[in-house]
Amino acid sequence: MYRIVSKKPLNSTVTQMEIEAPLVAKKAKPGQFIILRVDEEGERIPLTIAGSDAEKGTVKIIFQIVGGTTEILNHKKEGEYLQDFAGPLGVATHTDGIKKVCIVGGGVGCAIAMPVAQEFHRLGAEVTSIIGFRSKDILILEDEFKECSDRLFVMTDDGSYARKGNVTVPLKEMLEAGEKFDMIITIGPLIMMKFVVLTAKPYDVPVTVSMNPIMIDGTGMCGCCRLTLHQDGKAVTKFACVDGPDFNGYEVDFDEAMSRNRMYMDFEAHAREEACNLFKKGEN
Amino acid sequence: MAINPKKHEMPTQEASVRAHNFNEVALGYTEEIAVAEAQRCLNCKNQPCVAGCPVNIHIPEFIAQIKTGNFEEAYQIISKSSSLPAVCGRVCPQESQCESKCTLGIKFEPVGIGRLERYVADLHNSRTDIKAEAPESNGHKVAIVGSGPSGLTCAGDLAKKGYKVTIYEALHTAGGVLVYGIPEFRLPKSIVAKEVDTLKELGVDVETNVIIGKTLTIDELFDMGYEAIFVGSGAGLPNFMNIPGESLKGVYSANEFLTRSNLMKAYRTNPVTPIMKGGKVAVVGGGNVAMDAARTALRLGAEKVYIVYRRSLEELPARKEEVEHAMEEGIEFLLLHNPLQILGYNNPDDPRDPKNGFVTGMQCIRMELGEPDQSGRRRPVPIEGSEFEIDVDTVVMAIGTSPNPLIKNTTAGLEVNRRGGIIVNEDGLTTRKGVYAGGDAVTGAATVISAMGAGKLAAKSIDEYLNG
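For the record, the sequence lines run as chains C and G. Per the numbering used here: the first sequence = residues 1 to 284. Per the numbering used here: the second sequence = residues 1 to 468.
Please keep in mind that the hints were generated in silico from the structure rather than gathered at the bench. For every residue, glycine included, the Cβ atom is placed at its ideal position computed from N, Cα and C. Treat each hint with caution, since some may be false.
Claimed, not checked - Chain C is faced by these chain G residues, among others (derived, beta-carbon under 8 angstroms):
#	residue
1	His172
2	Val210
3	Gly236
4	Pro238
5	Ser247
6	Lys249
7	Glu256
8	Thr259
9	Arg260
10	Met264
11	Val272
12	Asn356
13	Pro405
If we strip away everything but chain C, and leave its shape as in the complex, we get:
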């Protein structure tokens, strides 16, 4: 069992938790993920590591309430326990040789982008961050990004805070103005990452994308997280859990990945509703 050391809401649908998991904390690196089960009968869900403290033996996770499991997870309190917490899984984000990086995060993806930005900052790289949200009320982690970025652009789709527009706007402006990045790393909704790749393409900048497919075991056994990469004109199957979650953005088949991620959408919506009803009943 894994104790919830702290819990705080970042906005109305995004929560941050620190979990006591010393073995995971000792090894965790930015870009890696964990698999958790809330309770004995729970499903396995992957969550990217949002930070870790090897001394305290804790791992930070930030999750958005999207389905039944995240709804149930969000009802767990500080001091309570999670049934299972395994990791760190996946390959850590590559940092070697990158002196000037642009981190592009969208929505809850910013939670995963943050430790990556912090790591580059720690390594002495020049960090430019662009973080985008639908609107002001779901903005998260602005201060944290300020601390680890040499430059920070905050965007909202509806213009309710900072600059109006999506994350590709400042990215394009910078690239247009001749800014040279060793690497662009983007983490967020698939559609956003797809457009970051399209924006960067004419300028020939390498783009790393962090994929978030549906997973079950997360250890290289079930193959659910497979995605297609186009390498030298050939379609190659890769597994996000052991080969990723980071991939070369120019090679990823985003349309297929988006389609696959929608496979259980109806089920998830229903599961969340069921979970909500269950908690409502409990409150009455």
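Got chain C sorted already, so can you dock chain G onto it with the hints?
This is chain G only, laid out in the frame that chain C set:
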């Protein structure tokens, strides 16, 4: 007394009933049937059955005890050689192992050794008054990677010799393929849990949620004081055919389909882990895993289930009993058929149509058998112009796996073969001192009992290495 030429039949659930539930298909012998079946054993001098068993259970001895009603003694004889009797009695391919060597089998049907093994193991497990006892410690520590059949066997054998054994399991439940792969109707999960509990009584520690190669490495295990390590990390990533359409929604690997149903209990009403239920399902492949997937699909409520296999019935690698059960349950075998592509829905007018990207069918081609290939089996050759489509909405690929790369990638000096399988010598020793391996991690997808045989061999080698 004349010998009954036929094995006593295994009582089973009616095919029409069991096709709709996940309860065990075979119900097990009664005491009366078990004793009568045991009487068929000739207790012949040269005991060929023992040599046919990968873990060399003293078969005639345990059967002799059944004849006289000494069932617990029979169990004790089996457990000297096998750590998982209730599992083996259910999933071993006895027809190609012990029973294929049975002297009685020359003239008649062989003795039902597997069914007898299952009987005594179940009887033992139903008794709550008997507990295994941890033997006196010999002071040595051994780590086991993976809690599947090879790891459990290796752990059991070493624990009985007084080793302090810790099993590290990546998933949240111990049992490996016995819990995520083999379905409830063939191997109830309570039986696996019971076998794991027996090991715990012997003093074995089981640490779940530890992924060796990630959470801890092989080198760190040595640093922690383990003197030898057995790697039984099992089969790895599923193979796909590399035909168009394999990324469509509704295409599963058998590992995923079975893991969702077995480990994550998606077969239940209102599951927390989703799975596609109902509709028409094609399972590609002809092994035991393919049979398990097909029969699982049927029980999940499929209206039609096909097995699509490119060779003929004769080459079908699954156990005969499983194939017969599948056929009785109404699964249709498309033999000498090979998939060419999987077809999906695509509404050109509406890219947001929720049906887009889901499987609608599979194009197959008919095959005929040509000259024998390297495996000695006749090579299937496509019959030109025989392409046709079957109407399905779920496709399960059950065509094998490739070894998991996590341990290889993080262990210097651990060599693997061209296919990624860990290289071991005849003692089960890898290219790293003190590191032994066995099971699917070495051989690629094989059987539960061959993995157990490898675990047993490694336990013997580890004992010689540390105590020899």
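| Hints the structure fails to honour | none
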